[in-house]
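Participant: If you want the building blocks of each chain, they are given just below.
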Amino acid sequence: MAEFSTSVKDAGDVNIIYLKGYLDAHTAPILENTFSNLVDSGRYSLVVNFRDLSYISSAGLGVFMAFIEKIRENNGDIKLSAMNDKVFNIFDLLGFPLLYEIYKEEDEAINKFSQIKKLENGK
Amino acid sequence: MENKKIKDKVLVVQSKTNNLSTIRDFVYAAALDVGFSKDVIDNIILAVDEACTNIIKHAYKSYPEGEITIKLKYKEKKFTVLIIDHGVPFNPESIPDPDLQKYYRQHRVGGLGMYLMKSLMDEVKYVSVPGKYNQVLLSKNLNGAN
Numbered sequence: 001m002a003e004f005s006t007s008v009k010d011a012g013d014v015n016i017i018y019l020k021g022y023l024d025a026h027t028a029p030i031l032e033n034t035f036s037n038l039v040d041s042g043r044y045s046l047v048v049n050f051r052d053l054s055y056i057s058s059a060g061l062g063v064f065m066a067f068i069e070k071i072r073e074n075n076g077d078i079k080l081s082a083m084n085d086k087v088f089n090i091f092d093l094l095g096f097p098l099l100y101e102i103y104k105e106e107d108e109a110i111n112k113f114s115q116i117k118k119l120e121n122g123k
Numbered sequence: 001m002e003n004k005k006i007k008d009k010v011l012v013v014q015s016k017t018n019n020l021s022t023i024r025d026f027v028y029a030a031a032l033d034v035g036f037s038k039d040v041i042d043n044i045i046l047a048v049d050e051a052c053t054n055i056i057k058h059a060y061k062s063y064p065e066g067e068i069t070i071k072l073k074y075k076e077k078k079f080t081v082l083i084i085d086h087g088v089p090f091n092p093e094s095i096p097d098p099d100l101q102k103y104y105r106q107h108r109v110g111g112l113g114m115y116l117m118k119s120l121m122d123e124v125k126y127v128s129v130p131g132k133y134n135q136v137l138l139s140k141n142l143n144g145a146n
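Protein chains in written order, with the working numbering: chain C, 1 to 123; chain G, 1 to 146.
Excised from the complex, chain G in its bound form (with noise of 0.2 Å):
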C-alpha cells in the first residue's frame, strides 16, 4: 500500500458531549484517507470517544467551556490522535479494569472506556503537565491494522 502524505489536522471543540458527533465525524475522515478499513475505523472512533468523554466528564466535571483539542498526524504508517485538555489531571493508573460482576451490584460502570481504549488501538499514553494540560495519545499503525 502507498504511503500516504496526510496533512496534519487540528480541531477545537468545547468541552459538551453534543461534540462528540463532531468529533468522531472528524477523525473518521482522516482515517479514511489514510486508508484504514472501515472495521479499523470504527475501532479509532470509539477509542477517541472514549478519551473525549473522559475528559468532559472527569477532567472538566461536566462543566461545558472547557476546551479540547484533537490533533490527528499521520506518519511512517502510524496514525495518531492526540487530545488535549486543560481540565483535572487524571492517572490512568488509578482505573481499574473493569469487573462487570461488581458494576452489575453497584448498578454503575467505570473503567470501560479506558478499558476499550486499550484494546482497540495499538498504543495509549497518558500525559499530564501539572497547571498547564493533559494529553491522550492514541495510535494506530496501518500495517497490521485488525
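With the rest of the complex left out, here is chain C (with noise of 0.2 Å):
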C-alpha cells in the first residue's frame, strides 16, 4: 500500500509542513488532521513543502480548499513549495496557481511571511 505521511516544523511564527509520498483519497485525512492540529492551535502561517511528495490526486488537492479561507480570515496563508513539476502541473491544470502563492524554494515562502509581518509592524 501507498504510504504518505507529514511531519511539522517550527519556524519562530511560521510552520513548516512535509508531506511525504502519496496523497490520494485514502491519505487525504492524514493532512486534514495536520492542518486541523495546527488551526485548533492558533497556528496560521503555515508553509508547506513538497519535496518528498511522489503524487497527489484531487482528493489530496481538496484539503487545502478545506482550509484556506479559515486561514486567511486569522491573517495566515498556506504557501506551497518546492513542488516537483509533476505535482505543480496538476496544481497548476487546475487553477491553484491564482489562489495560492507557489514558491521553489521553502525559504523563499517563510521569508514572504516575514516581509508581511515588517510592513504590518510599519517598518
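Hints were generated in silico from the structure; no laboratory data involved.
Predicted model, so just to flag it, every value in this text is computed and none were measured.
Built from N, CA and C at the ideal position, the CB exists for glycine as well.
Incorrect hints may have been included.
Cut-off 27 Å, straight-line C-alpha distance, at most; resulting in silico cross-link-like pairs (DSSO-like, lysine-lysine) [what the hints assert, rightly or not]:
hint, chain 1, residue 1, chain 2, residue 2
1, G, Lys38, C, Lys86
2, C, Lys86, G, Lys57
3, G, Lys125, C, Lys86
4, C, Lys86, G, Lys71
In silico negatives: residues of chain C with every beta carbon more than 12 Å from chain G [claimed, not checked]:
hint, residue
5, Thr6
6, Asp40
7, Glu105
With the hints as a guide, bring both chains together as one complex.
Facilitator: This is the structure we're talking about:
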C-alpha cells in the first residue's frame, strides 16, 4: 500500500509542513488532521514543503481548499513550496496558482511571511 | 515504434480507498509494457485514480464491499482502461467544470477529478445500464501521447 506522512517543523511564527509519499483519497485524512491540529492551536502561517511528495490526486488538492479561508481570515496563509514538476502541473492544470502562492524554495515562502510581518509593524 | 501485443488484463478490487494504490500499480505496469513515457503514465494513473475515487465515494457512497473491475486493453496503439461498478449510476453531465473561486467560499471541491480525467486522457466515456452496471472508459493513444 502507498504510504503518506506529514511532519511539522516550527520556524518561529511560521510552521512548515513536510509531505512525504502518496497523497490520494485514502491518505488525505492524514493531511486534514495535520492542518486541523495546527489551526486549532492558532497556527495560521503555514508553509507546505512538497519536496518528498511523489503523487497527488484531487482528493489531496481538496484538503488545501478546506482550510485556506479560515486561515486567511486569521491573517494567515498556506504557501506552497518545492513541488516537483509533476505535482506542480496538476496544481497548475486546476488553476491553483491563482489562489495560492507557490515558491520554488521553502525559504522564499518563509521569507514572505516575515516581510509581511515587517510591513504590518510599520517597517 | 513497434506495435506490441499486450494481453488484456483484469483487476477486481473492493471499493475501499486503500485499494487505490493497488489500482495505480496495476495500470502503471501495463502502461509501461505498452511503451508510454513515465510522464504519460503518471497522467493515466491519475485519471484512473480519479475515476475509481469517484466510484468509491459516489457510486458506492463509501460502502466498502462494492466491486470495482478494471480491464485494460491495448489495440491499434490505443490503451483503454474500462472501469466497471455496480453502484449508483452517475451522470457526467451533472458535473460542472470546476470553479475554484466558488470552492474557496464553500471550503470544498467537486468536479476536479472529472476535469482532470478529461484533461489528461484522449477519451472519457460513461455508460450506465440501470440496475446492472456503470462503466467508465478512459483511453490514451500511444502515438501523439504527451
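Participant: So, for every hint listed, does it hold in this structure?
Facilitator: Tested hints:
For the given pair, lysine 38 of chain G sits about 10 Å from lysine 86 of chain C by alpha-carbon distance, which is consistent with the 27 Å threshold. About 25 Å separates the Cα atoms of lysine 86 of chain C and lysine 57 of chain G, which keeps this hinted pair within 27 Å; it holds. Straight-line distance between C-alpha atoms of lysine 125 of chain G and lysine 86 of chain C comes to about 25 Å, which keeps the hinted pair within the 27 Å bound. Straight-line distance between C-alpha atoms of lysine 86 of chain C and lysine 71 of chain G comes to about 26 Å, which keeps the hinted pair within the 27 Å bound.
At roughly 17 Å from the closest C-beta of chain G, the C-beta of threonine 6 of chain C stays outside 12 Å, upholding its exclusion from the interface. For aspartate 40 of chain C, the shortest C-beta to C-beta distance to chain G comes to about 16 Å, beyond the 12 Å cut-off, and the non-interface label holds. Residue placement check: glutamate 105 of chain C keeps its beta carbon more than 12 Å from all beta carbons of chain G (closest about 24 Å).
Of the numbered hints stated above, none is contradicted by the structure.
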